[in-house]
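Participant: From just these sequences and the hints, can you work out the full model?
What follows is each chain in one-letter form.
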Amino acid sequence: QQQVKQSPQSLIVQKGGISIINCAYENTAFDYFPWYQQFPGKGPALLIAIRPDVSEKKEGRFTISFNKSAKQFSLHIMDSQPGDSATYFCALLWMDSSYKLIFGSGTRLLVRP
Amino acid sequence: ETGVTQSPTHLIKTRGQQVTLRCSSQSGHNTVSWYQQALGQGPQFIFQYYREEENGRGNFPPRFSGLQFPNYSSELNVNALELDDSALYLCASSLEPGAPADTQYFGPGTRLTVL
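Going down the list, the protein sequences come from chains A and B. All residue numbers for the first sequence refer to our numbering, where the first residue is 1 and numbers rise by one. All residue numbers for the second sequence refer to our numbering, where the first residue is 1 and numbers rise by one.
Simulated from the structure, these hints should not be mistaken for lab results. Owing to the predicted nature of the structure, the values given are computational and were not obtained by experimental measurement. Please note that a few of the clues may not be correct.
Stretches of chain A that chain B covers, calculated by requiring three or more beta carbons in the stretch to come under 8 Å of a beta carbon on chain B [what the hints assert, rightly or not]:
#, stretch
1, 42-52
2, 102-110
Some chain A residues well away from chain B (every beta-carbon gap over 12 Å; in silico) [what the hints assert, rightly or not]:
#, residue
3, Asn27
4, Thr28
5, Pro34
6, Lys58
7, Arg61
8, Phe66
9, Asn67
10, Ser74
11, Gly83
12, Ser85
13, Ala91
Pairwise CB distance ranges, derived in the manner of DEER restraints [said to hold, decoys possible]:
#, chain 1, residue 1, chain 2, residue 2, range
14, B, Ser27, A, Val54, 42 to 52 Å
15, A, Lys15, B, Gly16, 18 to 28 Å
16, A, Glu59, B, Glu52, 27 to 37 Å
17, A, Pro8, B, Asp84, 22 to 32 Å
18, B, Ser27, A, Ser69, 36 to 46 Å
19, A, Glu56, B, Glu82, 36 to 46 Å
20, A, Asp79, B, Glu82, 44 to 54 Å
Idealized CB from N, CA, C, for every residue including glycine.
Facilitator: Structural data, given as structure tokens:
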């Protein structure tokens, strides 16, 4: 089973600060690196995603940085807001016949007002 | 909202029983994947259905089975329930596997509790 390691497990940030979540993977046979946001009682919602041919992608306050040689990618949330408080999962798209997502263990983010 | 719906929202069963969970995929999506999310963990892939055929399976025993119907809705069946089956069960719909924008959109999940 391919794995992705996500850190930190939990994160507390003040409003307006930068939240940084990191993921590292082992296998190079991945072609799609999404981040999902999950609120309590809800399913994961796609936040932002990147393909390995670019090193950075920005959408509003959310930025993915991707380091292919180090097999690492990270999510940066700029100007963090209390409404960003949720659990964040990085994921990899594993391309066997089923194109399944392999998820990290999650980071619980709390943004204090 | 993603347009993916699941039923029921919550379910309580006892050990040894059987359960059926249902998922309606987003319009235009012909692929449904099922995931199990234990408390405090990331979702784990159970299996995927594409055009009514199983299209890949994760590390789950055969008592986890599924169906996909011509309208691309899907069912997850779990037999001989065990306590460890207690989890949030998520379905995700997507375009054809490997499509250029292969993004999986998740439903809200079914919370299964096994007593």
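Participant: Against this structure, judge whether each hint is valid.
Facilitator: Results for each hint:
Coverage of the stretch 42-52 of chain A by chain B holds in this model, with 6 residues showing a Cβ closer than 8 Å to a Cβ of that chain against a need of three. Residue count for the stretch 102-110 of chain A with a Cβ under 8 Å from a Cβ of chain B: 5. That meets the three needed, and the coverage hint holds. The beta carbon of Asn27 of chain A is kept farther than 12 Å from every beta carbon of chain B, the shortest such distance being approximately 15 Å. Distance to chain B confirms Thr28 of chain A as a non-interface residue, since its nearest Cβ pair spans about 18 Å, more than 12 Å.
The claim that Pro34 of chain A is not at the interface with chain B is violated, since a C-beta of that chain comes within 12 Å of its own (minimum 7 Å). Every C-beta of chain B lies more than 12 Å from that of Lys58 of chain A, the closest at about 18 Å, which supports listing it as non-interface. At the 12 Å boundary, the C-beta of Arg61 of chain A stays outside the reach of chain B, the nearest C-beta of that chain being 20 Å off. At roughly 17 Å from the closest C-beta of chain B, the C-beta of Phe66 of chain A stays outside 12 Å, upholding its exclusion from the interface.
Every C-beta of chain B lies more than 12 Å from that of Asn67 of chain A, the closest at about 21 Å, which supports listing it as non-interface. Here Ser74 of chain A stays apart from chain B, with its beta-carbon at least about 17 Å from theirs, past the 12 Å limit. Distance check for Gly83 of chain A against chain B: the nearest CB is about 17 Å away, which clears 12 Å, and the non-interface claim stands. Look at Ser85 of chain A: its CB is around 16 Å from the nearest CB on chain B, clear of 12 Å, so calling it non-interface holds up.
At roughly 8 Å from the closest C-beta of chain B, the C-beta of Ala91 of chain A falls inside 12 Å, breaking its exclusion from the interface. For the hinted restraint 42 to 52 Å between Ser27 of chain B and Val54 of chain A, the CB-CB distance of approximately 30 Å leaves it violated. At roughly 49 Å, the beta carbons of Lys15 of chain A and Gly16 of chain B sit outside the given window of 18 to 28 Å. Checking the proposed 27 to 37 Å range against Glu59 of chain A and Glu52 of chain B shows it holds: the Cβ atoms sit about 35 Å from each other.
At roughly 27 Å, the beta carbons of Pro8 of chain A and Asp84 of chain B sit within the given window of 22 to 32 Å. Ser27 of chain B and Ser69 of chain A have their C-beta atoms about 40 Å apart, which keeps the hinted 36 to 46 Å range intact. Take Glu56 of chain A and Glu82 of chain B: their Cβ atoms lie about 44 Å apart, and the range 36 to 46 Å holds. The supplied range of 44 to 54 Å is met by Asp79 of chain A and Glu82 of chain B, whose beta-carbon atoms lie about 45 Å from each other.
Hints 5, 13, 14 and 15, counting from the list given before, are not met by this structure.
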